[in-house]
Amino acid sequence: MLPRAERALSDWLASGARGIGQLLIVKTGGFSLRHREDEARADLQVFRSPNDATELARLDDAENYRPLKTAPNLRHGWVLELADLPALRLALDLFYPGRLPALAAWEANQLATTPLRATLDRQTGMYRSAAKISDGEIDELVGRFCRSRGGEPGCLRTILWARDMTGARPSLRLPLDKFIAPVDQTERGEHVMPLLCQEACNLLVAEARKVVKDSSNRAERTGFEGSC
Amino acid sequence: MDWQQPESALLIVGHGSTVNPDSSAPSLAQAEAIREHGVFREVACCFWKEEPSLRDALLFFREPEIREVYVVPNFISEGYFTETVIPRELELEGRLTTRPGGQVWKYCEPAGNHPAVTELLLRRAREIAPGVAAAETTLLIVGHGTALNENSAVAAKREVEKISALDTYASVQNAYMEEAPLISDWARLTTTPNVVVVPFFISDGLHSYQDIPVLLGIESETTAAASQREVFRRNPHRHHGRDLYYASAIGTEPKFAEILVEQAAAFDTAALDLSPIA
Ligand code: SF4
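Line by line, the protein sequences give chains R and B.
For the first sequence, the working numbering gives the first residue as 23, with consecutive numbering after it.
For the second sequence, the working numbering gives the first residue as 883, with consecutive numbering after it.
Bound-form chain B, shown alone:
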């Protein structure tokens, strides 16, 4: 990473969970990796449902040398958290917020908006089904899909369009946990002998890990967290006469650390929209 920011700090904002230890793991791991690269003077995480909270983060970065703080939401898309919760809790006035001491907080785009995310999804799909002919495979990109986070479905659709355009897989489709087309209908939605399922989430927290295997029919009940179980290591799962491959979420990929840093760098290069957050 050539971009050096000795007068800046990076704040990674994650969702976190009160029940699943895997939810914050990607943000913490990426923070550790970025810290080791020494791009920023300081790197910290904060979470909506874990400590440190977003409110705690208001007390970070008090060194006079830190002139700027890049705030990067570790979320898959814009939505309720990036538009309402994060600005409110971090007291952000818009894309740029100047604190009383003159320190400037720069509110960057969520990690999931980065163009390299498409490549990560593809890489995951290839890794879990090595040697499987793409021409005989359907790739299902799974999003959450709820009224509270309508944009995550839009982002998942965008990725499907980008991957379809590459013309690699027999079919590339969206599926959702809570709205049609439902992931639980995967066998009806697809016709190919192989089906590869890649969740479009940052972490193997509640949604991706604990619920999807049950919806796919490869596990009978939601039990422990991802880190304590085996499901990813048992591919393929033979169901409905088809080979089903299930991937873990993309947020733990080492490449994701670069994405977070590049979202910060992109803030400075993008034409600034200084309007207040919606």
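Chain R with its partners taken away, still in its complex shape:
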């Protein structure tokens, strides 16, 4: 029997899914992977090992490091030819780490999601203070940071976690589609596998800490000025 992630992958492809995130998957003898916006290009540089995905996913078009692999800044200009389904799975695990296992768990109704406040409350060390973020600041931060288009740099995942135990959506500034899988987060309206976010990433936690720090610095300054 196929491993669960490969089974999920082959079911999605059989259902006509065109790809995942910004990747286009074309069935050839094996599989061919490229940027969805490169579909019509014939001048692509050819790669053949699934492990090449590490290098291809590392930098954006401007050669900047991509700390968040699900950000909408996948580089263009290459095509990765893969021999079979296991090779495709390995490449996707490197392009979008952890997303196939999450998708497979979601389809099996086994994907536990963690509310943002639980993630923040669990932190220790330098990130402990992130838990002090207010609901209003979460609304602004998630609306800015996780946005599929026009974020900083944004992220193409579908948010499945709630703000807290009340089940509230973390941000009212994001379109409802941001919370619904499998909507195509690139806004091309195609049938693609969703990139799921079952728990806030470390980048968002780090950003929450920054928001708390900035607002306490502001409060200190205002307090100081107020006492003059």
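These are computed hints drawn from the structure, not numbers from a lab.
Here a beta-carbon is modelled for each residue, glycine too, at the ideal position from N, C-alpha and C.
One or more hints might be untrue.
[Claimed, not checked] Dumping the calculated DSS-like pairs for lysine-lysine here, alpha-carbon to alpha-carbon at most 25 angstroms:
{"#": "1", "chain 1": "R", "residue 1": "K235", "chain 2": "B", "residue 2": "K931"}
{"#": "2", "chain 1": "R", "residue 1": "K232", "chain 2": "R", "residue 2": "K154"}
{"#": "3", "chain 1": "B", "residue 1": "K1137", "chain 2": "B", "residue 2": "K988"}
{"#": "4", "chain 1": "B", "residue 1": "K988", "chain 2": "B", "residue 2": "K931"}
{"#": "5", "chain 1": "B", "residue 1": "K1137", "chain 2": "R", "residue 2": "K232"}
{"#": "6", "chain 1": "B", "residue 1": "K1044", "chain 2": "B", "residue 2": "K1137"}
{"#": "7", "chain 1": "B", "residue 1": "K931", "chain 2": "R", "residue 2": "K154"}
{"#": "8", "chain 1": "R", "residue 1": "K235", "chain 2": "R", "residue 2": "K154"}
{"#": "9", "chain 1": "B", "residue 1": "K1039", "chain 2": "B", "residue 2": "K1137"}
[Unchecked claim] Not the full set, but computed from the structure, chain R residues with beta-carbon under 7 angstroms of chain B:
{"#": "10", "residue": "P89"}
{"#": "11", "residue": "P119"}
{"#": "12", "residue": "P123"}
{"#": "13", "residue": "A127"}
{"#": "14", "residue": "T146"}
Following the hints, complete the assembly by docking chain B with the ligand onto the known chain R.
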């Protein structure tokens, strides 16, 4: 590698970085090498600051054939990450954790604790200064040294003691980036005509690559990542009337893949301490 584990998976846990692409490179490269050897049914990495996260790794290895998961921290020593962050994020209850389906996760010792690390440090030192007389050379092993990871300094001291006992170099000393003896004082700390600096880190991520050359005075500012620069290829650097040799971190050595596998194997052979993690 004779040890075969077709019913087991290996999970390599690295630190990763949001700013430096070199930080996760050693873990990814070693995972690729171990996968090719076919020791385990599956090999995966997860990172504190990159994807996949440690939380994502909770969803890995869902094949019923995988009965055991060896978790090997790709860290230089025990410390805050191995004792607090990894157990918390991976929901480990101690050295052994049984998941609801019966799968057992085995929490192994960090890579840096492996005895072969000493040999790797020595090999690095020899490689970057070929033909340089050890009797006229000081070897500096550089650790980070912060309150948050006090054990990394202890581990660096242990390596210095082991290498000193071999009586090869004129002098073997520790130096740190953030506490005394400071690496930036290297010229004052040493008297020999040659000084070889080997960082005691897994990767040429932030600490080793971007900060140490500046502290040594061989670069004026921290710029791009290691993979995009030249500093290791310009040895020796002539400073303060001495020849200074600077090595890259040991985690990318091909031998490191064996160390990760052996840390997993050692879990089964070691007398088990089943007490909860501190
Ligand atoms: S929290 Fe999830 S949706 Fe937001 S940026 Fe991180 S990975 Fe993307």
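Hint check results:
no. : hint                : result
1   : K235(R) x K931(B)   : 20 angstroms, holds
2   : K232(R) x K154(R)   : 11 angstroms, holds
3   : K1137(B) x K988(B)  : 22 angstroms, holds
4   : K988(B) x K931(B)   : 22 angstroms, holds
5   : K1137(B) x K232(R)  : 39 angstroms, violated
6   : K1044(B) x K1137(B) : 19 angstroms, holds
7   : K931(B) x K154(R)   : 21 angstroms, holds
8   : K235(R) x K154(R)   : 9 angstroms, holds
9   : K1039(B) x K1137(B) : 22 angstroms, holds
10  : P89                 : 4 angstroms, holds
11  : P119                : 4 angstroms, holds
12  : P123                : 4 angstroms, holds
13  : A127                : 5 angstroms, holds
14  : T146                : 6 angstroms, holds
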